[in-house]
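Just so you know, the protein sequences line up as chains A and B, in that order. Going by this note's numbering, the first sequence opens with residue 1, and the numbers climb by one from there. Going by this note's numbering, the second sequence opens with residue 105, and the numbers climb by one from there.
One or more of the hints may lead you astray.
[Said to hold, decoys possible] A few chain B residues that face chain A, going by a derived Cβ cut-off under 7 angstroms, partial list only: (1) Leu107; (2) Ile167; (3) Gly175.
It is worth saying that the hints were derived from the structure and are not from the lab. Keep in mind that this is a model prediction, so the values were computed, not measured. No residue lacks a Cβ here, since even glycine has one placed at the ideal position from N, Cα and C.
This is what each chain is made of:
2 protein chains.
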Amino acid sequence: MVLVRQEIGDVLRDLRLQKGRTLRQVAGRASVALGYLSEVERGQKEASSEILASVADALDTPISVIMREVGDRIAVLEGINLDVIPDTVPAELVADFDADLMLR
Amino acid sequence: MVLVRQEIGDVLRDLRLQKGRTLRQVAGRASVALGYLSEVERGQKEASSEILASVADALDTPISVIMREVGDRIAVLEGINLDVIPDTVPAELVADFDADLMLR
């Protein structure tokens with residue numbers, strides 16, 4: 001079963017690392033507990049919509065960018081990214097494609 | 105503040121109506137309480153990732169399709185759908201565009 005919170009957590013962590021910020025910095029700016037943000041990033045806690053909005057804001061990233069990235073990653077997991085990835089593309093290229101698309 | 109649960113609820117309701125199903129049918133197939141699903145559709149309750157997966161399955165719709173639609177709708181709300189909508193497009197066309205994109 002594909003769990004949305006796992007993908008949301010991965011995207012939030014990747015965004016944070018891409019921007020070179022610590023958990024402490026982002027948690028502080030978003031006014032959420034560091035331990036809680038860490039659990040959200042690891043897919044262990046569901047982030048409420050309000051917290052997701054705060055964390056997105058703390059990462060200077062529109063929520064739509066995060067949710068589209070989540071949708072794209074889940075599409076790859078579900079093997080249905082056929083509108084942009086022909087199913088003849090080798091797996092290693094799909095992986096590159098996903099990395100390129102990430103956080104655009 | 106853009107609330108993800110509001111958009112998720114709207115997309116789930118639109119999908120259900122598009123498929124001509126009742127709340128009772130979808131709730132039954134997803135094994136969730138009818139009142140709970142109704143609250144989720146109205147954006148009043150956060151759906152857990154497990155429930156979202158069950159409801160998506162009950163709607164015969166991949167989660168990625170739902171999350172991409174959510175991302176697209178939030179992008180319109182955030183006014184940053186610039187990769188597909190030039191910012192010179194009048195608002196009424198953007199509304200049509202959104203409706204066309206819906207549940208593709």
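> Which earlier hints turn out false for this structure, listed by number in ascending order?
Replying inline: none
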